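If you use mature numbering (1 follows the signal peptide of the UniProt record, and there is no 0), the sequence shown corresponds to residues -23 to -1, 1 to 469, in order.
Derived by calculation from the structure, the hints in this document are not laboratory data.
All values reported here derive from a predicted model rather than from experimental measurement.
One or more hints might be untrue.
[To be verified] So the derived label-pair ranges between C-beta atoms look like this:
id, residue 1, residue 2, range
1, K24, F237, 42 to 48 Å
2, K24, K45, 38 to 44 Å
3, Y266, D352, 33 to 39 Å
4, Q447, N421, 32 to 38 Å
5, N344, E138, 35 to 41 Å
6, V178, N391, 16 to 22 Å
7, R198, T458, 47 to 53 Å
8, A444, K233, 37 to 43 Å
9, G146, K99, 45 to 51 Å
10, D263, N344, 17 to 23 Å
11, R231, Q204, 47 to 53 Å
12, A459, K262, 45 to 51 Å
13, K248, Q347, 36 to 42 Å
14, D263, S389, 49 to 55 Å
[Claimed, not checked] Under the rule of at most 16 Å between Cα atoms (straight-line distance), these lysine to aspartate or glutamate pairs were calculated in the EDC-like manner:
id, residue 1, residue 2
15, K248, E424
16, K452, D420
17, K369, D180
18, K350, E138
19, K223, D269
20, K194, E138
21, K452, D409
22, K233, D269
23, K401, E425
24, K248, D409
25, K401, E424
26, K133, E113
27, K402, D429
28, K402, E203
29, K191, E138
30, K45, E232
31, K452, D410
32, K23, E232
33, K94, E255
34, K402, D420
The beta-carbon is built from N, C-alpha and C at its ideal position, and this holds for glycine as well.
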Amino acid sequence: MNKLLKCAKAGIVSLLVATTISACTSAVNSDPQTQIAKKQAPQQSKKQNIVMIIVDDLRPVLGVYGDKNAYTPNIDALASQGITLNQAYANVPVCGASRASMLTGIRPNKTRFIDYKAKAEKDAPGAKSLPQVLRESGYHTMGIGKIFHNSKDLAKVSWSEKLQNAGMGHATRLNPDSENHLKTTKFNKRGNGPWYETMDVADEAYPDGKVKEKALKALTRLAKQEQPFFLSVGFIRPHLPFYAPKKYYDLHPREKFSPFFDRNKPRNAPKSLNGSGEIHTYHFKDYTYNSDAFHVSSLQGYYASVSYIDALVGDVIAQIDSLGLRDNTTIMLISDHGFNLGEHNFWTKHTMLETSLRIPMIIAGPNIAQNEKTDALVELVDVFPTITEITKVSPPATVQGQSFVKSLQNASVNHKKQIYSRFKKGDSVVNDDFIFTSYTTADNTIEEMLYDHKVDPHETNNVVNEASYQAVATKMRAQLTACITQQQCQTH
């Protein structure tokens, strides 16, 4: 009770007490030290279950990562029960390609996993997906919500039963006839409507809430069977548009936000560094794009969407606990890539910058360190072999990632010296201190970027041509060339 009262007093206004207590209850219920979590589902196999929660477009704006504007009690509670990876990166900063790469364990290249339309069965013919391999090894595999970007990708071989979704898309609006749901043809032909919406509705009114409901029902059913299971739950928010129930907007008043301090492109940035046009597929209401008011409203919408997902994640974890599954289940929370929040006037993803590439990754389960953080460098292609090691299943020879189980068991164990990411014209290597990117333009001109994250964590100054950084640039240039030419990019 003390833990619940403490959580409920976390500075939330009186109108939100009920919401806060609900979220806090989920956090308390998910504590593995509580009696409810120590129950064992009577019929469950002792083989490890996997629950993989994929959150679309989520960068590490979570309390556990030190973000002071975040309100994420449930995800933070999960982190306290497992390990938080401080240096996890996407291999491609776009949904379709990133998911196809991660779920096959195969790296992107100039002809494979290029954009949001990427499909594993087309780009990597013959490769097996993670759920497919687990299914062939005796697991019951289920997907609910957005897992692969294209729901038909490897669907027949991956899932033991038909993939479930909420029946509504990214831009589903609850009241499309109101003035808050204007459509535009100025920038976009799809008429996606406004870029944010706040409606006084229940969590379950939006697609992600419906995904949560389906996940709770699936867990109830899966807990009754002896067969081990792999359940992947995919949430859309905080992907644009920022549509979330009003109570989560109320958690984040606009006064708490300020636009990013540097709205210019990084100094000495190459021409190839450009922002994404995705945000222009939405209506800006009466806001001027990239005005201070636009930045503040966008930040509010993003953080509100994250808090909404946090509540849904809390419900899923509470269900796992109530069914007595925790002692036999590994929970992994990840994102497909990062998200630019107005840094350098960039929005969404599609850049070879830290904000687009770095992701949250939190893992809790048996034989995993508790309440620990690790600086081990990992990338999304490493997820496949990590899960197969946890489940004692052999990964196929096509997998190019490397298991980081040792770093999950001991936070001080390093994993890789650098990781590799790419998008369109750009290829990058990231290590503990630097990110180096090489762009190949249409006329085969090479443009480069180098950012010193220890000195310049916000990537405001490209130092690739500065004399004091030439040794670093030369070394990372060679690492990137080897990674591209060798394909496997072995980086231990």
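Outcome of the hint check:
1. K24 / F237: 42 to 48 Å: holds, 47 Å
2. K24 / K45: 38 to 44 Å: 41 Å Cβ-Cβ, so the 38 to 44 Å window holds.
3. Y266 / D352: 33 to 39 Å: holds, 37 Å
4. Q447 / N421: 32 to 38 Å: violated, 23 Å
5. N344 / E138: 35 to 41 Å: Violated: the Cβ-Cβ distance is about 29 Å, outside 35 to 41 Å.
6. V178 / N391: 16 to 22 Å: 46 Å Cβ-Cβ, so the 16 to 22 Å window is violated.
7. R198 / T458: 47 to 53 Å: Since R198 and T458 have Cβ atoms about 50 Å apart, the given range 47 to 53 Å holds.
8. A444 / K233: 37 to 43 Å: holds, 42 Å
9. G146 / K99: 45 to 51 Å: violated, 22 Å
10. D263 / N344: 17 to 23 Å: Violated, at about 54 Å.
11. R231 / Q204: 47 to 53 Å: holds, 49 Å
12. A459 / K262: 45 to 51 Å: holds, 49 Å
13. K248 / Q347: 36 to 42 Å: Roughly 47 Å apart at Cβ, these two residues miss the hinted range, so it is violated.
14. D263 / S389: 49 to 55 Å: holds, 52 Å
15. K248 / E424: Holds, at roughly 8 Å.
16. K452 / D420: violated, 25 Å
17. K369 / D180: violated, 37 Å
18. K350 / E138: Outside the cut-off at roughly 36 Å; violated.
19. K223 / D269: violated, 22 Å
20. K194 / E138: holds, 14 Å
21. K452 / D409: holds, 14 Å
22. K233 / D269: Distance ~13 Å between K233 and D269 Cα, so the pair holds.
23. K401 / E425: Holds, because 14 Å separates the two Cα atoms, which is no more than 16 Å.
24. K248 / D409: Violated - the C-alpha atoms of D409 and K248 are around 26 Å apart, more than 16 Å.
25. K401 / E424: Holds, because 13 Å separates the two Cα atoms, which is no more than 16 Å.
26. K133 / E113: Given that 16 Å is the threshold and the Cα spacing comes to 12 Å, the pair holds.
27. K402 / D429: violated, 22 Å
28. K402 / E203: violated, 48 Å
29. K191 / E138: Since the Cα atoms of K191 and E138 sit roughly 13 Å apart, the hinted pair holds (cutoff 16 Å).
30. K45 / E232: holds, 14 Å
31. K452 / D410: holds, 13 Å
32. K23 / E232: Between K23 and E232 the Cα gap is close to 50 Å, so the pair fails against 16 Å, i.e. violated.
33. K94 / E255: It holds: about 14 Å lies between the C-alpha atoms, which stays within 16 Å.
34. K402 / D420: holds, 11 Å
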